[in-house]
Structures are given as structure tokens and as C-alpha cells.
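Use the sequences and the hints to build the structure in full.
Protein chains in written order, with my numbering: chain R, 1 to 202; chain W, 1 to 225.
Derived from the structure by calculation, the hints contain no laboratory data. Accuracy of the hints is not assured; some may be wrong.
[Stated by the list, open to error] Here are some chain R residues pointing at chain W (derived, C-beta under 7 Å):
| # | residue |
| --- | --- |
| 1 | Leu17 |
| 2 | Ala33 |
| 3 | Arg46 |
| 4 | Asp47 |
| 5 | Phe53 |
| 6 | Leu54 |
| 7 | Ser126 |
| 8 | Val129 |
| 9 | Phe154 |
| 10 | Leu176 |
| 11 | Leu179 |
| 12 | Arg180 |
| 13 | Leu183 |
[To be verified] Cβ pair distances, simulated, as ranges:
| # | chain 1 | residue 1 | chain 2 | residue 2 | range |
| --- | --- | --- | --- | --- | --- |
| 14 | R | Arg87 | W | Met143 | 28 to 38 Å |
| 15 | W | Gln187 | R | Glu18 | 18 to 28 Å |
| 16 | R | Ser115 | W | Gln187 | 48 to 58 Å |
| 17 | R | Ala67 | W | Ser195 | 38 to 48 Å |
| 18 | R | Ala188 | W | Gln173 | 51 to 61 Å |
| 19 | W | Ala36 | R | Gln187 | 14 to 24 Å |
| 20 | R | Arg195 | W | Lys200 | 48 to 58 Å |
| 21 | W | Met143 | R | Glu18 | 50 to 60 Å |
| 22 | W | Ala27 | R | Glu18 | 47 to 57 Å |
| 23 | R | Lys64 | W | Gln161 | 49 to 59 Å |
| 24 | W | Ala96 | R | Gln66 | 46 to 56 Å |
Beta carbons are placed, not taken as given, at the ideal position from N, Cα and C, and that holds for glycine.
Below, each chain spelled out in residue letters.
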Amino acid sequence: MTRTDEELVACASAGDLESFNQLVSRWERPIYALAYRTLGREEDARDVVQEAFLRAYRGLRGFKGQAKFSSWLYRITLNLCRDWIRRERRTPLVQVPEGTDPVDLADERVAPSESVEDLVARRELSQAVAQAMAELPEEQRTAILLKEYHGLTFQEIADMLDCPLSTVKTRLYQGLSVLRRRLERRQAEAASLRRATWESSS
Amino acid sequence: MMPAMCDERERLIGYVYDECEPPERRAIESHLDECADCRAEIGALRRVRQDLLAWDVPAHEPVWRPFAPAPIVPWYRQVPAWAMAAAAGVMFLIGAAGGVVTHAMLPQERAVVATAPASTPTLVPIGVTPTQLSEAEQRMVQMMRAELNKRDVPRTTSNAQLMPASIGATLTQDQFNNLLRASEQRQWEMVAGVSNEYMKQINSLRREMSGIKEAVALAQQGGGR
Numbered sequence: 001m002t003r004t005d006e007e008l009v010a011c012a013s014a015g016d017l018e019s020f021n022q023l024v025s026r027w028e029r030p031i032y033a034l035a036y037r038t039l040g041r042e043e044d045a046r047d048v049v050q051e052a053f054l055r056a057y058r059g060l061r062g063f064k065g066q067a068k069f070s071s072w073l074y075r076i077t078l079n080l081c082r083d084w085i086r087r088e089r090r091t092p093l094v095q096v097p098e099g100t101d102p103v104d105l106a107d108e109r110v111a112p113s114e115s116v117e118d119l120v121a122r123r124e125l126s127q128a129v130a131q132a133m134a135e136l137p138e139e140q141r142t143a144i145l146l147k148e149y150h151g152l153t154f155q156e157i158a159d160m161l162d163c164p165l166s167t168v169k170t171r172l173y174q175g176l177s178v179l180r181r182r183l184e185r186r187q188a189e190a191a192s193l194r195r196a197t198w199e200s201s202s
Numbered sequence: 001m002m003p004a005m006c007d008e009r010e011r012l013i014g015y016v017y018d019e020c021e022p023p024e025r026r027a028i029e030s031h032l033d034e035c036a037d038c039r040a041e042i043g044a045l046r047r048v049r050q051d052l053l054a055w056d057v058p059a060h061e062p063v064w065r066p067f068a069p070a071p072i073v074p075w076y077r078q079v080p081a082w083a084m085a086a087a088a089g090v091m092f093l094i095g096a097a098g099g100v101v102t103h104a105m106l107p108q109e110r111a112v113v114a115t116a117p118a119s120t121p122t123l124v125p126i127g128v129t130p131t132q133l134s135e136a137e138q139r140m141v142q143m144m145r146a147e148l149n150k151r152d153v154p155r156t157t158s159n160a161q162l163m164p165a166s167i168g169a170t171l172t173q174d175q176f177n178n179l180l181r182a183s184e185q186r187q188w189e190m191v192a193g194v195s196n197e198y199m200k201q202i203n204s205l206r207r208e209m210s211g212i213k214e215a216v217a218l219a220q221q222g223g224g225r
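The structure is reproduced here in C-alpha cells:
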């Protein structure tokens with residue numbers, strides 16, 4: 001039977017490393033995704049995730065279950081990302097994925113029926129979203145990340161960020177509005193570029 | 001009276017994420033029936049959400065290595081330290097009791113083998129009490145421990161250097177302890193860095209304030225003349 005996070009936390013804080021193993025394997029992917037999308041670089045995300053789990057282990061005895069374990073872990077990760085950005089004195093990066101070789105791309109198809117053109121378009125959109133997100137103010141970006149990619153409720157986000165629920169909604173709305181304008185502009189630019197390329201080749 | 005929805009578009013967010021109370025939902029739906037602008041806004045927000053799904057996280061190796069299974073240790077290694085100490089104490093007492101019995105039974109002259117020299121030199125220097133010496137020793141131990149901790153994990157040590165590199169590898173207790181120590185040290189360094197920043201800001205504000213005070217004093221002196 002699968003044990004709950006709370007049960008695993010209780011065992012891990014009593015020194016059972018196998019329980020901590022299970023917590024790590026359960027939460028490593030979402031925590032990595034949060035760190036990667038916040039920092040934009042794989043090596044940084046890797047370091048932050050390892051540090052987040054070490055901090056969590058060190059703080060297990062102090063964790064009394066006031067919040068969900070996942071919320072607590074997200075909060076540790078976000079704090080570490082914030083410190084990381086402050087220390088490096090830089091805004092989040094957008095890492096350009098390597099290789100646009102169609103052979104490489106073919107492995108990334110979400111469905112066998114997805115054409116290479118669709119795949120390239122999806123990749124371009126992915127980069128455009130990453131770029132637009134990196135340019136958002138930190139509060140808006142964090143609210144969107146937690147809502148869109150981790151499915152937290154407004155209340156959970158408000159508790160995690162220590163702000164009123166209405167502030168969370170405002171940040172989400174403003175963030176999505178800015179993203180919308182930027183993505184529409186980018187798509188218009190891409191369309192005019194394609195048109196120009198087509199006209200020059202014909 | 002409810003304010004116009006068009007002026008409070010943040011309210012649409014609850015509707016877009018399907019996270020609003022039924023009365024609020026009904027109010028928004030009835031507004032959307034009449035307002036084309038807000039319908040367009042909802043559509044645009046949903047399209048952005050759809051676009052956001054395209055942002056993938058690249059495939060990556062696991063960043064954490066699982067702990068090595070607990071080593072199989074002989075039964076005597078599993079006995080707690082206090083029990084071992086108690087057993088050693090009992091053995092010592094038995095030995096001492098045997099010695100006493102032997103001493104009582106053997107002739108007197110054979111028992112006297114050697115005696116301590118009459119003038120055993122004292123280890124405590126003149127003017128220093130044993131309590132002071134013990135305190136000094138404790139301080140020295142603390143200093144050494146702090147120094148050792150610093151040396152143990154150099155500032156530049158990152159988790160990547162301490163975590164086993166190969167994917168199939170496991171994390172031993174020693175490696176994990178090193179990771180924990182490095183993590184603790186980094187946290188202290190971070191706290192020290194932040195405190196330093198704050199102190200710098202406070203000092204800079206203090207200098208500014210004293211400059212302002214001097215300027216005000218000079219101005220007052222000038223005005224007085």
C-alpha cells in the first residue's frame with residue numbers, strides 16, 4: 001500500500017532513510033520542474049533541487065504538518081531560487097534547447113501523428129513562452145508557475161506566498177495579460193517573417 | 001450593488017480556473033451573456049493557458065541518488081553504546097572484586113609490588129584552578145571543532161561535487177553527512193551575506209542621516225546670524 005507523505009515524513013524524521021528516499025522520488029520531478037522554470041538553466045535547477053531536499057531533511061523534525069509536505073517543499077524551493085537569483089544578480093535565463101535536427105526532433109513527438117512542422121512550431125512556442133515568462137515580474141511568474149504547472153489552488157498559493165487571496169488573483173490576471181500581449185506580438189512577428197521568406201523564395 | 005465586471009476583470013480569473021463560488025459563477029455567466037468584451041477576454045486568457053502547456057521541461061537524469069541499503073552488521077554492533085558501556089562497567093567491577101578477594105587471601109608481603117612515588121608532580125600550574133583549566137579546555141575543544149568544521153567542507157564545495165556522479169550509484173551515510181554539512185555551511189554563509197548587506201545599507205543610511213543633520217545644523221547657524 002502506498003504510504004502518504006505525512007506517514008513518510010514521520011518515519012523519515014525518525015531516521016528512516018528509505019522513507020526519505022520515497023519522498024524524494026515522489027517529489028523530485030515537480031520540484032525540478034519548478035526550479036527549472038524559475039531559473040531557466042538545468043545546472044542551476046539541479047543544484048537547487050538537491051539543496052531543497054537537504055534543507056527539507058534538515059528541517060524534517062521542525063515540520064509539524066502545518067501545511068502539506070509538498071507546499072512546504074515548494075516554499076523551500078522558491079526561497080532557494082530567490083536567493084540564487086539574488087546572489088547571481090541576474091534575471092532568469094532562457095536556455096535554448098540544443099539541436100533542431102529533424103531526426104532529434106522526431107524523438108520528441110508527443111504523438112506519432114505529430115508532423116515535424118508541428119513539432120518545430122511547438123518548440124518555438126515553448127521557447128517563446130519561456131522567454132515571456134522570464135520577463136515577467138517575479139511575483140506574477142511564481143503565481144503562474146504554481147497555478148498552471150503545479151495545480152495549486154488560489155488559497156494554497158496565497159498561504160505559500162504569504163499574501164491575500166485577492167493578490168494572487170490579481171497577479172495571475174496581470175501576468176496572463178502581459179503574456180498574452182507578448183505571445184500575440186511574437187506570433188505576429190513570426191508570421192510576417194514566414195511571409196517574407198515565402199515571398200523571397202517564390 | 002455589484003460593480004461592473006468589465007472594471008474588475010481580476011474576477012474573471014476565478015471563472016477561468018473554475019475556482020469560484022456558485023453565486024459568483026452565475027453572476028459572471030450572466031454578465032458574459034451580455035458583454036462581448038469580457039467574452040473575448042475569457043477566450044484570450046484560455047488561449048494563453050493553452051500556449052503555456054507548450055513549455056516543456058527538458059528530459060533530465062534524476063538529480064538525487066537514493067540512499068544505499070543499510071549495511072548488514074554483526075549483532076554486537078547493533079548493541080547501543082550505553083549497553084556496551086554498562087557491560088564494560090560490570091566487567092570492571094567483577095575484575096575489581098576479584099582483585100580485592102585475591103588481595104585479602106594472599107600473604108601481605110606479596111601484595112605490595114610497587115607503590116607510587118611519594119612526590120607525584122601536580123599537573124595544575126600554580127595560580128590556575130582545575131575549574132579554570134577545564135573551562136579553557138572546553139573553549140579550546142569548541143574552537144578546534146569549529147575550525148575542523150570549516151576545514152571539513154571548503155566554501156567551494158557544491159552538491160554536485162559531493163553527490164555520487166553515476167546514475168545507478170547510491171548515497172552512503174558518510175556522503176549524505178557531507179552533503180548535510182555542506183548545506184548547513186552554505187545556509188550560514190547566505191545568512192552572513194544577507195546580514196552583511198543589511199549592515200552596509202544601515203551604515204550608508206546612517207552616514208546620509210548624519211550628513212543631513214550637519215547640513216541642517218549649518219543652515220540653522222547661518223540663519224541665526
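Evaluated hints:
1. Leu17: holds, 4 Å
2. Ala33: With a minimum Cβ separation of about 5 Å from chain W (threshold 7 Å), the hint on R:Ala33 holds.
3. Arg46: holds, 5 Å
4. Asp47: holds, 6 Å
5. Phe53: holds, 6 Å
6. Leu54: holds, 4 Å
7. Ser126: Result: holds, 5 Å to nearest chain W Cβ.
8. Val129: holds, 4 Å
9. Phe154: holds, 6 Å
10. Leu176: holds, 5 Å
11. Leu179: holds, 5 Å
12. Arg180: holds, 5 Å
13. Leu183: holds, 6 Å
14. R:Arg87 <-> W:Met143: 28 to 38 Å: holds, 29 Å
15. W:Gln187 <-> R:Glu18: 18 to 28 Å: About 26 Å separates the Cβ atoms of W:Gln187 and R:Glu18, which means 18 to 28 Å holds.
16. R:Ser115 <-> W:Gln187: 48 to 58 Å: holds, 49 Å
17. R:Ala67 <-> W:Ser195: 38 to 48 Å: violated, 27 Å
18. R:Ala188 <-> W:Gln173: 51 to 61 Å: About 58 Å separates the Cβ atoms of R:Ala188 and W:Gln173, which means 51 to 61 Å holds.
19. W:Ala36 <-> R:Gln187: 14 to 24 Å: holds, 23 Å
20. R:Arg195 <-> W:Lys200: 48 to 58 Å: holds, 54 Å
21. W:Met143 <-> R:Glu18: 50 to 60 Å: With a Cβ separation near 38 Å, W:Met143 and R:Glu18 fall outside 50 to 60 Å, so the hint is violated.
22. W:Ala27 <-> R:Glu18: 47 to 57 Å: The hinted range 47 to 57 Å holds for W:Ala27 and R:Glu18, with Cβ atoms some 52 Å apart.
23. R:Lys64 <-> W:Gln161: 49 to 59 Å: violated, 33 Å
24. W:Ala96 <-> R:Gln66: 46 to 56 Å: Since W:Ala96 and R:Gln66 have Cβ atoms about 55 Å apart, the given range 46 to 56 Å holds.
Hint violations for this structure: numbers 17, 21 and 23, all remaining hints satisfied.
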